[in-house]
Amino acid sequence: MRGKDAPDRKEKQLRDISGDKAWLVEALGASSIVERDRLAAFVRDPSATFAANPFPSATAGAARQRWGLREIEFEAMQVAAAGLPCLLTALALLPPGELLRQEILRTPVHVLYLLHQEGDGRIVGAVLHGKPREALPAFTPAARSATVPPVVPERSVIRRVSRRRVDARQLDLFAT
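Per my numbering, the very first residue in the sequence shown carries number 40; after that it's consecutive.
These aren't lab readings, by the way, just hints derived from the structure by calculation. Remember, it's a predicted structure, so these values are computed and weren't measured experimentally. Ideal placement from N, C-alpha and C gives every residue a C-beta, glycine not left out. One should not assume that every hint holds.
Here are the simulated distance ranges between beta carbons [as the list claims (entries may be wrong)]:
| id | residue 1 | residue 2 | range |
| --- | --- | --- | --- |
| 1 | ILE111 | GLY160 | 28 to 38 angstroms |
| 2 | ALA131 | PHE213 | 25 to 35 angstroms |
| 3 | ARG161 | GLN117 | 16 to 26 angstroms |
| 4 | THR179 | GLU65 | 18 to 28 angstroms |
| 5 | GLY160 | ASP84 | 13 to 23 angstroms |
| 6 | ASP59 | LEU132 | 54 to 64 angstroms |
| 7 | LEU212 | GLY136 | 51 to 61 angstroms |
| 8 | VAL148 | GLU114 | 17 to 27 angstroms |
| 9 | THR179 | MET116 | 52 to 62 angstroms |
| 10 | PRO85 | ILE111 | 30 to 40 angstroms |
| 11 | PHE178 | GLY107 | 20 to 30 angstroms |
| 12 | LEU212 | ALA131 | 20 to 30 angstroms |
| 13 | GLU65 | ARG172 | 43 to 53 angstroms |
| 14 | GLY136 | THR179 | 34 to 44 angstroms |
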């Protein structure tokens, strides 16, 4: 028996994928993600399709925990990724209970996870990654307009001071 929800479900199944991709490209362009051009190029790729999304809703706290662990996994498994540092920084600035939506686009070798705010749709961050020891898709940055400066995040230089001090009078056992 079909209820009132049947047309709604059908409408969701038949959503305008090209319109969704165009919205994602536009939203990525307006974001402050350093690698937004690379991520937008992946979304524009005709072979990139929306994937099944078993958990479309999440909180910023849950996403921060998940992607923090994925960062460790990616490093250990030699997985190339774009956008991960910006996503982790953006998630750290949000309250843990902030509701987010997740979109997933996939090609046979690469996956893009994009998180945006549930209310206004503003993109929080996105991560493009491949399989272990697999390079990211080739990307050639387009020339930017002179009126649109690139967004470059401020980075603080961390200088580590060596705590180990060598006494000048110390005996060198391996000197020849």
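Hint-by-hint comparison with the structure:
Distance hint check: the CB atoms of ILE111 and GLY160 are about 30 angstroms apart, consistent with the given range 28 to 38 angstroms. Hint check: ALA131 to PHE213, Cβ distance near 45 angstroms, so the stated range 25 to 35 angstroms is violated. Hint check: ARG161 to GLN117, Cβ distance near 32 angstroms, so the stated range 16 to 26 angstroms is violated. The supplied range of 18 to 28 angstroms is met by THR179 and GLU65, whose beta-carbon atoms lie about 21 angstroms from each other.
Look at GLY160 against ASP84: about 22 angstroms separates their beta carbons, and that is inside 13 to 23 angstroms. A hinted range of 54 to 64 angstroms for the beta carbons of ASP59 and LEU132 is inconsistent with their spacing of about 26 angstroms. Taking the beta carbon of each, LEU212 and GLY136 are about 58 angstroms apart, inside 51 to 61 angstroms as hinted. For VAL148 and GLU114, the Cβ-Cβ distance of about 19 angstroms falls inside the hinted range of 17 to 27 angstroms, so the restraint holds.
Distance hint for THR179 and MET116: a CB-CB separation of about 27 angstroms, inconsistent with the stated range 52 to 62 angstroms. Under the hint 30 to 40 angstroms, the C-beta atoms of PRO85 and ILE111, about 33 angstroms apart, fit the expected range. Distance hint for PHE178 and GLY107: a CB-CB separation of about 26 angstroms, consistent with the stated range 20 to 30 angstroms. For LEU212 and ALA131, the hinted distance range of 20 to 30 angstroms is not satisfied, since their beta carbons lie about 47 angstroms from each other.
One distance hint, 43 to 53 angstroms for the beta-carbon pair GLU65 and ARG172, is violated here, with the actual separation near 33 angstroms. For GLY136 and THR179, the hinted distance range of 34 to 44 angstroms is satisfied, since their beta carbons lie about 40 angstroms from each other.
When each numbered hint is compared with the structure, violations occur for hints 2, 3, 6, 9, 12, 13.
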